[in-house]
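Chemist: Next come the chains, spelled out residue by residue.
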Amino acid sequence: MRADDDDAHEWLDAEAGPLVRSYAVTGGRARPGAATFDLLTYVVATPAGQRRHAVHLQPEHRAVLALAAEPISVAELSSRAGFALGVVRVLLADLFDEGAVKPLAPAVAPGHIPDDHILQAVILGLRHA
Amino acid sequence: MRDERARSVPTAIKILVAGGFGAGKTTMVGTVSEIMPLHTEEVLTSAGTESDDLSGVEAKRTTTVTMDFGRITIGDSAVLYLFGTPGQDRFWFLWDELAIGALGAVVLADTRRLADSFPSIDYFERRGVPFVVAVNCFHGHQPFGVDAVRGALSLDPEVPVVMCDVRDRRSGREVLVTLIEHVRAITLGPAHTAAAGTS
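Taken in sequence, the protein lines are chains A and B. Numbering (this note's numbering) for the first sequence: 269 to 397. Numbering (this note's numbering) for the second sequence: 290 to 488.
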């Protein structure tokens, strides 16, 4: 660590343009709230979320909600929305707090290797698809 | 969870594609899968500001990193997600999240710049992430054999080393097969893998 590392808040100055622009849609919040959304967590809009007109939302929230009409991974949602991953996580946390989206239980517990029959199916698929 | 929605979630498998700049990561992800850009915007960590030359962007404390991200859907049951790891040391703070829960990694090596693959190999060894080394034969000709590459990289004997051409879909996908077979061998033991493969 260098001596000048104590300037950890230097980015709050007038030069902090990129930070402010990207996170303006999240109200400046850089961390998700109630839920964390892993790259490969699947999310889906809830029935309440599907009734979008009933929820007061920003366009970015609506874009995320529309993409989550069917279960979709957080990574893919971020890519399709064109928003940075960190931004999507904040938007998802907002929607989760509103009861508009929910994360789905993964088919395989995090950190666990999938069943061997799945791996064999993947190998077959890679060779013949 | 056993409700109707839980059943609709496929098994999501994360595979990392690593290697030095120009080793063919983007090409491989694009050849073997449906590729999509994935943007991540991160505040540079102190490690990042320390190791990288930020001249010209002195005031910038955030950086947008675009990762190569690809998807291969296997029937209804599984989806492979490929993530091309950012090639610069200063983006390694992104790797930790990528590495968590990864089934394994492909380290692409270019024999003209073998040393470029050392950091990736080091990283996966330390994190205990299973990996294979795929030597990308850009020009259709590879002067070094598998054994020479293995020796030069000081790889453990069980780490697979394969030759490939990442411009070729079949070749790239065969690298992924080698990785998954390697993971199966680690998980089940070589004997079980062989039995499953021949039955």
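No wet-lab data here; the hints were simulated from the structure. By construction, the Cβ of each residue, glycine as well, lies at the ideal position given by its N, Cα and C atoms. One or more of the hints may lead you astray.
Said to hold, decoys possible - Covered stretches of chain A (chain B as the covering partner; in silico rule of three or more C-beta atoms under 8 angstroms from a C-beta of chain B): (1) 304-318; (2) 325-334; (3) 337-345; (4) 359-366; (5) 387-393.
Stated by the list, open to error - Per the computed footprint, the stretches of chain B lying under chain A, defined by three or more beta-carbons under 8 angstroms from a beta-carbon of chain A, are: (6) 300-309; (7) 392-399; (8) 404-415.
Chemist: Against this structure, judge whether each hint is valid.
Modeler: Structure-based check of each hint:
no.	hint	result
1	304-318	holds (count 5)
2	325-334	violated (count 0)
3	337-345	holds (count 4)
4	359-366	violated (count 0)
5	387-393	holds (count 6)
6	300-309	holds (count 4)
7	392-399	violated (count 1)
8	404-415	violated (count 0)
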